[in-house]
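Student: This is what each chain is made of:
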Amino acid sequence: MNFRDEELLADVIARLIGDVRHVAVGNASPIPATAALLARERGHGRPYVSLLGSPKHTFWTDGGRELFDCAGQGRIDVFFLSGGQIDGHGNINLVSIGDYAHPKVRFPGSFGSAHLYYVVPKVILFRTEHSRRTLVPDVDFISAPGASEPNVFRTGGPIALVTNRCLFSFADGRFRLESVHPGHTVEEVVENTGFDFERPAQVPETPAPSPETLTLMRETVAPQLAEVYPQFAAQVFGVGQAAFAR
Amino acid sequence: MNFRDEELLADVIARLIGDVRHVAVGNASPIPATAALLARERGHGRPYVSLLGSPKHTFWTDGGRELFDCAGQGRIDVFFLSGGQIDGHGNINLVSIGDYAHPKVRFPGSFGSAHLYYVVPKVILFRTEHSRRTLVPDVDFISAPGASEPNVFRTGGPIALVTNRCLFSFADGRFRLESVHPGHTVEEVVENTGFDFERPAQVPETPAPSPETLTLMRETVAPQLAEVYPQFAAQVFGVGQAAFAR
Amino acid sequence: MGARGSAMSHLVKTLDEALAPITDGCTLVVPREVSGVPMAATRALIRRGVKRLHLVALPTSSLQADLLIGAGCVETLETSAVSLGEFGPAPRFSAAVTGGSIAMKDATCPALHAALQAAEKGVPFMPLRGLIGSDILKYRPDWKVIDSPFGQDSNKADPIVLLPAIKPDVALFHAAMADRLGNVWIGRQRELATMAHAAVRTVATVEKMHDGNLLDDPVLAAGTLPGFYVESIAIAERGAWPLPLPDYYAADAEHLALYARMAATAEGFAEYLDKYVYEKQAA
Amino acid sequence: MGARGSAMSHLVKTLDEALAPITDGCTLVVPREVSGVPMAATRALIRRGVKRLHLVALPTSSLQADLLIGAGCVETLETSAVSLGEFGPAPRFSAAVTGGSIAMKDATCPALHAALQAAEKGVPFMPLRGLIGSDILKYRPDWKVIDSPFGQDSNKADPIVLLPAIKPDVALFHAAMADRLGNVWIGRQRELATMAHAAVRTVATVEKMHDGNLLDDPVLAAGTLPGFYVESIAIAERGAWPLPLPDYYAADAEHLALYARMAATAEGFAEYLDKYVYEKQAA
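Protein chains in written order, with my numbering: chain A, 1 to 246; chain B, 1001 to 1246; chain C, 2001 to 2283; chain D, 3001 to 3283.
Chain A on its own, in the form it takes in the complex (with noise of 0.2 Å):
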C-alpha cells in the first residue's frame, strides 16, 4: 500500500507513544494528533487524548493553568514539544537566535516547555525540518534542558526526536540514531544534523505503516482529525466536511 509521508511519522509516533492512560497535544500539531489518535484506536479507548485547542477534545474547566497543574499532578504522559533549534543535549530553544539581550531571530517564547519537560514521563520532540539550521550542537537559549542533575527533580523529559527524515531515541543525555524512513539515508542524517550521536552499525528502515495501520488511519482516525484540522484532514486523507456528520 502506498503512504504519505504525514503517514509514515504518525505510526513511528503511536508507536512511541506506548500504553500509556493520558496523551496531550499542543496546538497546531495535526501529525502528533493523528498519531494520538490512532494510538487511542489501536487501544480501544486508551490512551484517553487531549487536543488542546480544541474544546471538543479538552475537558478543562478551571482555566489555563489545568493542563500544566494535570502534568504537576502526573496525570499527562505523553507530551509532544518542538524547537527552533534542538541541540544534540536534548535542550530545545523556542526563544531567540544570538545573544538574549540583542536577538537576531525572536521566536514567540518558551510557552509552558520550562515546566512539562521535566513533569510528562514522555517528551516526544517533533521537528519536520531536518537541518543543520535547526539540529545544532547547541541551543543559543535553553528554553528547557534535555536532561538535569541527579537531585533535580524531575519526573520526565525527551524520549525521541521524530523529524521527516530519521527516528532518533534520546537517553542518558544523547539521541541515538534508531531508523531512517523509507527515500532517506544515513548519509544524509549526518550531513543534515548539526550535533553527534550515536548509531547502530546497521541503521535498519522505519518500517512502512501496516495496511491494518493506513486503514484505521484514513477510515477511523481521519474523520475524527477533520473536526480539530479540517484542511489536514482534507488534505493528507482526503476527508472532506461530509465527515463531520459522523
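Take the hints with a grain of salt, since some may be wrong.
[Unchecked claim] Derived DEER-like restraints, expressed as beta-carbon distance ranges: (1) C/2049 to A/210: 29 to 39 Å; (2) B/1021 to C/2279: 44 to 54 Å; (3) D/3153 to C/2103: 37 to 47 Å; (4) C/2216 to B/1220: 39 to 49 Å; (5) D/3013 to B/1132: 52 to 62 Å; (6) A/18 to D/3212: 17 to 27 Å; (7) D/3014 to A/18: 51 to 61 Å; (8) D/3017 to B/1018: 28 to 38 Å; (9) A/27 to C/2211: 31 to 41 Å; (10) D/3014 to C/2216: 28 to 38 Å.
Bear in mind the hints are in silico, worked out from the structure with no lab data behind them. Predicted model, so just to flag it, every value in this text is computed and none were measured. We put the CB at the ideal spot given by N, CA and C, even for glycine.
Model the placement of chains B, C and D on the given structure of chain A, informed by the hints.
Tutor: Quick look at chains B, C and D alone, frame taken from chain A:
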C-alpha cells in the same frame, strides 16, 4: 429610650467598625452581624458586608478558600473572633483546656483564626461571657497570638474586646478598659477578669445607643437580619417572618 | 470519544461498589458542611466497617467526622474544627480527643486549602502567612518555617510557614448531578475540584444523573468537575441528609438536634448507629 | 444590598471611562487568546495613547500584545509567548525585541499562573517544579532557587524555584455578560477570576448586560466573578474581534491574515492602525 443588651453591644461594635470598605462576619454571630448592617446603613451602603453562612449575603464563587484569599489580598478590613479562652496578651484559644496531648476539654478547633488574626486590620474580639474562666492570664493553647515579633508579617490583629460587661481596646500587646456598660461597674470588671489591663483614672460608662440608632436598628437593620438570623431578630427586635417580604 | 464514552459509563456503580477505593488505612479528604457532605456514603462506610482512616476534613467538619470517629473508623484527623454548629459541640470528636483514641493534626482553614492546592499544582509545599507564634505551628513538626528570600529588608529575616502538600488517596463528596461520562456538576464549590485534582482517586455520590454531557453546555461546564478525574459515581438521593445540599435542600434540624442529644453519651451514640446507620443495611 | 446595589450600577460606564484606571506606567494583566481578549478596549487604549505599560500576558498573547507593542504603549512585557498562531509570528513583537525597544521578561506558562495565584492568596511567592537549568531562570534574577525543606533525601539538596507574586495594578478582559451589580460571567475561564483576585482593580468589557443578579442562579453563579472585585464595566459588542470569544464567536481569520500581512512592515502596521484603530474614533 429603653434598649436591650444586644442593642448596646451592636452599637459599640458598629462604632469600632468605623469607616472601612468591607466587614466580614462569621457564622452564628448575630450581634456582630447587627453591628455590621448598622454600620452599612449609617454609611449609606459602605462598608460592604459579608455574612458568612448566608448565601444571600456572601458573594463567594471560588469555594471555601475565597474568604481567606480575600483576607490575604487585604480585601477584608474587619472580622470578628472569639475564644474558649482569651488572655491578657490578646491570645485566643479555640482548641483545648489542659495539656494539648491530653486535654481536659476539647473545643471545636482554630478555624481560620491563625491566618485571619494576622491579616485583617481590625479584628474585634467578642465574647459575651465575661468571667475568670473565659478571660485568663495565659491561654492553654494559642490558636492565634495577639501580637507578633516586629519582623513577622502582620497587617492585622485585635483592636478591641467586647464583653457583656465592658469594652476593652487593645494596643501594644495589652488591653485597656475603655468603658463599662450601663448597669456594670469597674470593680465587677476587675473581679471577673483573669488578666491585668490598663485603665484610666476615670472609666467612662459606655454610651447608650441614641434614639436614632435604635430606630435604625429596629426598623431598617432588623428586617435584613431576619433573613439570616430569624430567631434572634424575633427575640431581640420582635421582627417576624413578615419582614421577609420587605 | 466513542470508546472512552462507553468505557466511562462503568463509572456509575452501586454505592458500596463506588466506595471500594476507600480502603482501610487510606487518606480520605472530605469537604465542609456547605460543600456537599457525602452522608449516605459515610453511613455505608461505617456499615462496611472501614478502619484506620486518615481523615482530612477540608477545612472543617460536623456530623460526618463525628460519626466516623464515634464508629471507630478514624486513626488520625487533620482539620481546623469539628462542631455541630448551632447544635453544639461534636460529642464523639470531643470524647475521642480527650480520651486519646484519635491522633489530631490541628490546622487552620487556609492551611488545608493551600496544602491541597500544593498537591493540585504538583509542588511539594505552599507558603502561608500567619501561624507564626501559634501553638498550631508548634505542634506541627511537618510544617517548616523558612526565611522568605523575598523579604523587603535584607537586614531582617522574613519568616514564613511552608505547608507540605496533602495528596489524599481518595477524595469523597456529594454533588447535585453527574453524567454518564463521569463529569460531576459541583457549582461554586471549587474546593471539590481542588480535592479531586489533589487526590489519586475521586468518588462522588450525586442526587441524580444528567442526560447528556455536562461539558457540552458552557454554562453547566463552568461548574463541572471533568470525569477525567473521577473514579466512580453512585446515585444517592438526598445523599447529604441530614446535612444540607445548598441550593437543593436544607439541613434536617430536627434530626441534627436528635443526633446531638443521642451522641452526648457512648450508649446513646451506639443506639443512634443501630437505628440510623445499621438499620439502613437491613432495610 | 439596596444601597450597595444602587452604588454598583455606577460601575457600568462608557468604554473610555471604564478604562480610566489603566494609567501610563501601570502594570496591566491580560488573558490568553481563548479566554476573552479585550480587543475593543485595546484599540481604545491605543487611541488614548497609553504609555509605558508593564504588560503581563497570562500566559501568552497574540494580536493584543502585538498591537500594543507596535503602537508604542509597552515598556516591559512579561509572558511565555507572543505569536499569531496559524497566521505566523507576531511581527511587531519580534521587531521590538530584536530592535531592543521593549524589555522582555521571558517566563513559562505555569510560572505566570502560579505568580498570579500567589498574589491571589496574599503570599509573597509560589514554588514551581521545572525551570532549573533553563536560560529562562538564568535571565530572571527576580526568581529565586531554594533548597526545599521537604526534600526526600537529607543528604541531597532538592532545589526548587520560588516565583515572586505578580500583583498587577489592573486586570483587563472581555467576557460574555455582566449584571448591573458588577458580577461578570466568565464561565470556565477561571484564570480571569485569579487575575481579578490578584489585581488591585479589574476592568471588564462584555458583550451584553444580564438582567438580574448573576449570583442568584446557582448555575450561572458557578461561572461568575463577583462584582466585589470589579472596578468598572463597559459594553463592547464583539469586543474580542477579530479574536474569538469561545462559545460565542470564532476568530475573524480573514482579518487576522490581513493583519499579519500589513504588520510585517512598520509602514504597513501604521496603515493598519490608521484604518482599524484610529478610524473607529472618527466614526
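Student: Confirm or reject each hint.
Tutor: A quick look at each hint next to the structure:
no.: 1; hint: C/2049 to A/210: 29 to 39 Å; result: violated, 53 Å
no.: 2; hint: B/1021 to C/2279: 44 to 54 Å; result: holds, 52 Å
no.: 3; hint: D/3153 to C/2103: 37 to 47 Å; result: violated, 27 Å
no.: 4; hint: C/2216 to B/1220: 39 to 49 Å; result: holds, 47 Å
no.: 5; hint: D/3013 to B/1132: 52 to 62 Å; result: holds, 57 Å
no.: 6; hint: A/18 to D/3212: 17 to 27 Å; result: violated, 52 Å
no.: 7; hint: D/3014 to A/18: 51 to 61 Å; result: holds, 57 Å
no.: 8; hint: D/3017 to B/1018: 28 to 38 Å; result: holds, 31 Å
no.: 9; hint: A/27 to C/2211: 31 to 41 Å; result: holds, 32 Å
no.: 10; hint: D/3014 to C/2216: 28 to 38 Å; result: holds, 37 Å
Checked against the numbered hints given earlier, the structure breaks hints 1, 3, 6 and satisfies all the rest.
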